[in-house]
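Mind docking chains B and C on chain A? Use the hints.
Listed here are the chains, written in short residue letters.
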Amino acid sequence: MFESLQHLITGFTIAATVHNLLYCLIGCIVGTLIGVLPGLGPIAGIALLIPATFGLNPTSAIIMLAGIYYGAMYGGSTTSILLNVPGETASVITCIDGYQMAQKGRAGPALAIVAIGSFIAGTIGIFGLVFLAPPLAEAALAFGPPEYFSLMVFGFIVLSNVTGKSFLKSLMMAIVGLIIGAIGLDPVSGDARFTYGSISLLGGIEFVAVAIGVFGIGEVLVNVNQPSELLDQKVLRPRLRELYPSLQDLKKSVGPILRGAVSGFGIGLVPGPAPVIATYASYMIEKKVSKHPEEFGKGAIEGVAGPESANNSACQAAFIPLFVLGIPFGPVTAIFLGALLIHGVSPGPLMISQHPDLFWGVIASMYIGNFILLILNLPFVPLFANILRIPKKILLPLVILFCITGMYSVNNSVFDIWMMLLFGAMGFLMRKWAYEGAPLLLALVLGPKMEVAFRQSLMISHGDFGVFVNRPISMAFLLATAIFLIFPGVRFIFKQLKKGGI
Amino acid sequence: MAGTGMFPLILGILLMFLSCIFLLKLLYQHKKTTTKRDSGGEVRRSPVQLILFFGTMVLATAFFDKLGYPLASFLLLAALLRTLGMKQWTLNILLSLMTAAASYFLFVQWLQIPLPKGFIGL
Amino acid sequence: MLRKIIIGLSLALVLFMCAPIQAAEFPTKEVQIIIPWSAGGATDLIFRALGATTGKYLGEAVVIVNRTGGAGAVGYTEAMQAKPDGYTLVSAITPLTILPHRVKTAYTYASFEPIINVVKDPGMFLVRSDAPWKSLEEFLGYAKKNPEMITVGNSGTGGGVHLIALAFEDAAGVTFNHIPFAGGGPSVTALLGGHINAVSVSPPEGIEHVKAGKLKIIALFSEERFEMFPDVQTVKEQGIDFVMGQWRGLVSSKGTPPDVVNILHDAFKKGMEDPVFQKNAKDMAINLHYLGPEAFGKLMAREHELFGKLIQKMKK
Numbered sequence: 000m001f002e003s004l005q006h007l008i009t010g011f012t013i014a015a016t017v018h019n020l021l022y023c024l025i026g027c028i029v030g031t032l033i034g035v036l037p038g039l040g041p042i043a044g045i046a047l048l049i050p051a052t053f054g055l056n057p058t059s060a061i062i063m064l065a066g067i068y069y070g071a072m073y074g075g076s077t078t079s080i081l082l083n084v085p086g087e088t089a090s091v092i093t094c095i096d097g098y099q100m101a102q103k104g105r106a107g108p109a110l111a112i113v114a115i116g117s118f119i120a121g122t123i124g125i126f127g128l129v130f131l132a133p134p135l136a137e138a139a140l141a142f143g144p145p146e147y148f149s150l151m152v153f154g155f156i157v158l159s160n161v162t163g164k165s166f167l168k169s170l171m172m173a174i175v176g177l178i179i180g181a182i183g184l185d186p187v188s189g190d191a192r193f194t195y196g197s198i199s200l201l202g203g204i205e206f207v208a209v210a211i212g213v214f215g216i217g218e219v220l221v222n223v224n225q226p227s228e229l230l231d232q233k234v235l236r237p238r239l240r241e242l243y244p245s246l247q248d249l250k251k252s253v254g255p256i257l258r259g260a261v262s263g264f265g266i267g268l269v270p271g272p273a274p275v276i277a278t279y280a281s282y283m284i285e286k287k288v289s290k291h292p293e294e295f296g297k298g299a300i301e302g303v304a305g306p307e308s309a310n311n312s313a314c315q316a317a318f319i320p321l322f323v324l325g326i327p328f329g330p331v332t333a334i335f336l337g338a339l340l341i342h343g344v345s346p347g348p349l350m351i352s353q354h355p356d357l358f359w360g361v362i363a364s365m366y367i368g369n370f371i372l373l374i375l376n377l378p379f380v381p382l383f384a385n386i387l388r389i390p391k392k393i394l395l396p397l398v399i400l401f402c403i404t405g406m407y408s409v410n411n412s413v414f415d416i417w418m419m420l421l422f423g424a425m426g427f428l429m430r431k432w433a434y435e436g437a438p439l440l441l442a443l444v445l446g447p448k449m450e451v452a453f454r455q456s457l458m459i460s461h462g463d464f465g466v467f468v469n470r471p472i473s474m475a476f477l478l479a480t481a482i483f484l485i486f487p488g489v490r491f492i493f494k495q496l497k498k499g500g501i
Numbered sequence: 000m001a002g003t004g005m006f007p008l009i010l011g012i013l014l015m016f017l018s019c020i021f022l023l024k025l026l027y028q029h030k031k032t033t034t035k036r037d038s039g040g041e042v043r044r045s046p047v048q049l050i051l052f053f054g055t056m057v058l059a060t061a062f063f064d065k066l067g068y069p070l071a072s073f074l075l076l077a078a079l080l081r082t083l084g085m086k087q088w089t090l091n092i093l094l095s096l097m098t099a100a101a102s103y104f105l106f107v108q109w110l111q112i113p114l115p116k117g118f119i120g121l
Numbered sequence: 000m001l002r003k004i005i006i007g008l009s010l011a012l013v014l015f016m017c018a019p020i021q022a023a024e025f026p027t028k029e030v031q032i033i034i035p036w037s038a039g040g041a042t043d044l045i046f047r048a049l050g051a052t053t054g055k056y057l058g059e060a061v062v063i064v065n066r067t068g069g070a071g072a073v074g075y076t077e078a079m080q081a082k083p084d085g086y087t088l089v090s091a092i093t094p095l096t097i098l099p100h101r102v103k104t105a106y107t108y109a110s111f112e113p114i115i116n117v118v119k120d121p122g123m124f125l126v127r128s129d130a131p132w133k134s135l136e137e138f139l140g141y142a143k144k145n146p147e148m149i150t151v152g153n154s155g156t157g158g159g160v161h162l163i164a165l166a167f168e169d170a171a172g173v174t175f176n177h178i179p180f181a182g183g184g185p186s187v188t189a190l191l192g193g194h195i196n197a198v199s200v201s202p203p204e205g206i207e208h209v210k211a212g213k214l215k216i217i218a219l220f221s222e223e224r225f226e227m228f229p230d231v232q233t234v235k236e237q238g239i240d241f242v243m244g245q246w247r248g249l250v251s252s253k254g255t256p257p258d259v260v261n262i263l264h265d266a267f268k269k270g271m272e273d274p275v276f277q278k279n280a281k282d283m284a285i286n287l288h289y290l291g292p293e294a295f296g297k298l299m300a301r302e303h304e305l306f307g308k309l310i311q312k313m314k315k
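Chains as they are written, first to last, in numbering that gives the first Met the number 0: chain A, 0 to 501; chain B, 0 to 121; chain C, 0 to 315.
Since the hints were derived computationally from the structure, they do not count as laboratory data.
The beta carbon of each residue, even a glycine, is placed where N, CA and C say it ideally should be.
The calculated DSSO-like cross-link candidates involving lysine-lysine, where the alpha carbons are at most 27 Å apart (straight line), are:
no.: 1; chain 1: C; residue 1: Lys82; chain 2: B; residue 2: Lys65
no.: 2; chain 1: C; residue 1: Lys143; chain 2: C; residue 2: Lys213
no.: 3; chain 1: C; residue 1: Lys253; chain 2: C; residue 2: Lys55
no.: 4; chain 1: B; residue 1: Lys24; chain 2: A; residue 2: Lys494
no.: 5; chain 1: A; residue 1: Lys391; chain 2: B; residue 2: Lys86
no.: 6; chain 1: A; residue 1: Lys168; chain 2: B; residue 2: Lys30
Quick list of simulated restraints, FRET-style, between CB atoms:
no.: 7; chain 1: A; residue 1: Leu382; chain 2: C; residue 2: Lys253; range: 51 to 57 Å
no.: 8; chain 1: C; residue 1: Ala105; chain 2: A; residue 2: Ala479; range: 46 to 52 Å
no.: 9; chain 1: A; residue 1: Leu382; chain 2: B; residue 2: Leu26; range: 50 to 56 Å
no.: 10; chain 1: A; residue 1: Leu496; chain 2: B; residue 2: Met5; range: 38 to 44 Å
A few chain A positions that, by computed beta-carbon distances, are all more than 12 Å from chain B:
no.: 11; residue: Gln5
no.: 12; residue: Leu140
no.: 13; residue: Pro355
no.: 14; residue: Pro381
Next up, chain A with everything else stripped away, as it sits in the complex:
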């Protein structure tokens, strides 16, 4: 343990050289710009900039790329709060309460709490990374297809009614999400489903297209559909005092931030789109724990502080499997793997011992990066918040341009833009008829993976369904799901019995 601490200090000395600090700073700035553009998440950003790092030594290169990663994560939440456009997949939940806060003139506190929460969570996450990495990595290995399936079923059931309004409607949206997720090549058998011969659909529908469409474009259309007088208005004019969180805001956020940091870290270890799931889970937890659950959905700062913190620490945790096992669990860490390989560093069990300066230097720079982002972004909060002073008439077209640019940049595909428009129309209707978008997106993310895990498990067990209950971890999750489903029913019956006095 103390050895780790010593290494960490060495890491700091490496990361704190002027050179590396500069690269970190550049990374953070570029990352924020990239993150703000919807769709162009850290993945494309990092990939685009890998060639720019060719001339650098591996440590500096990775430090810069890591800065881009964090910057992008932060930038993504900025557009979610200000414009209801998810900057990237993990920012979807932030749209819910963050945008509402902005609508009430509280964009400043929202943006600021994201920076603060991310920083705190990042710090906690880094400590977790340093001290818990190897045992956690081993634990992550114990998850095989049956465990993933059960975990995802649990997550799906628990999280599908995140916003708490009509459970029935949320479930329907979730199923629609699952159906959309089934479009494309069946990952197990390789046959095409729902593609109707279209080559563009073979790869399935891009998640970002649905997210930006339903949330961003949908919101714009809802606004356009309002009477002209409203369009000349701006969103409430924030006063300087109100640009930063009040003491009360900060007090309310402490719990969510800490809870988010811990839960996000745990969830971040699971392969797949862990940050997204972490945000949903944190939102759910905060709602359940809060004394004023009815405020969620209307601009509760807990609904922003928690998920964003969880997001950040999940991102930290995602590096554990990469560094310890050499296996990337998600698309972003896959790019990092690539960057490392190009620089001649092969992550894996030997990496830490063979390249200790790289490992610890990067860890330390992650912390520094978080810090830089905090200082960088807090002053920008008023600047960003002022975007909302632009009259809607002008703002809305800008947002559309923004969304289209971002969407195209993900896959260089006009087809994606069409999909985004289609889901924009759908998002508009969903808004009119009070259907929630969050369950749909969650299902879109989890669905395909659940199905794959299910079929893989059955293939391994030669058709034996017992595989899900014979293994302890898997069984535990299924049991938890069952309890979650049955519990309200049991409570209800119990209450009825008591009332009826039977």
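Positioned in the frame of chain A, the structure of chains B and C alone reads:
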């Protein structure tokens, strides 16, 4: 054994099932509150603006590749601004031109993001 | 208010115009390589590295564009339809000769003009070091006695390593239970966690773990032994005449004039021989295998036929 079509089939059935429940619920509630007609704050307005706005987006997407990014974004902005009621053309053109130029320089030149070049070759 | 917006925009405009306009942006003359897979994958990395070194030999920049979707279909279709003027290339890898057999695509390998092959990596099977089988013999012996029992993971149904595994079944006279995963990474993870018995991969997947001693190569499908692991025998040495791997090269759309092909070929060849690229390749443990346009074309034709037969077998 789990085949390709099993999953979508289950989903389809579930969706139909839930829709039926929803329908029943709706009918049940309608019976209870038939007399109260809540038309309150919903302003009845013509959807023309919305259709024009959306239509412009569709057009821009259709010609996105041919026009190229700078031109397409300029036209898109100008059209959308007009749709939302900006009648002064000088202001409109100025705004659209500068925004399109700014985003071109930011995204294409500086961040090097591949965006369509169109016939003007930018 | 509007005045402020205009001033703000003007400032932004001026600011961005001063930003570094990098030399890589040649509006009409840059050469594009379309990569039908996502950024960060093995193919993407190799060609990004190659593109970086080839630029100076070509005199113009080489730009990478990712066009993912449909197991390569989206990228290859677009490349096929591009003007045959040599400005749009696409990375041709083994799945180019596989997918057309499984799904009706608009292209086959013959829709393209081969330029150069860059890499050829052998396939291999990995097992955990604590596996009950200490040698290929024991492994195959068990497989023979228990058909379809040994679980072999792959990076996706119908993908390169899956078909290599199927072909190996034929050559060795056994059957396995193939479990698809979403890529090489997850399949190796599953092996590490003990959820499957073996995995079919090609470098650099799994290499690190073999180096660390957690996994071992139980079957190697190449002509020669691995430089990095000189003690591992190939299956050929052990009596099974089976050599199969994945190749990665560059092609352009059909009809590209021969002199353009030659210029591209020469430039990329120099890019391959560039010391920076050589070092990158070594670090990534990939096997450089240069082939000129004709030889590459023949290779693709052969593979196309081979996979045609394998797919038929898979469909049964």
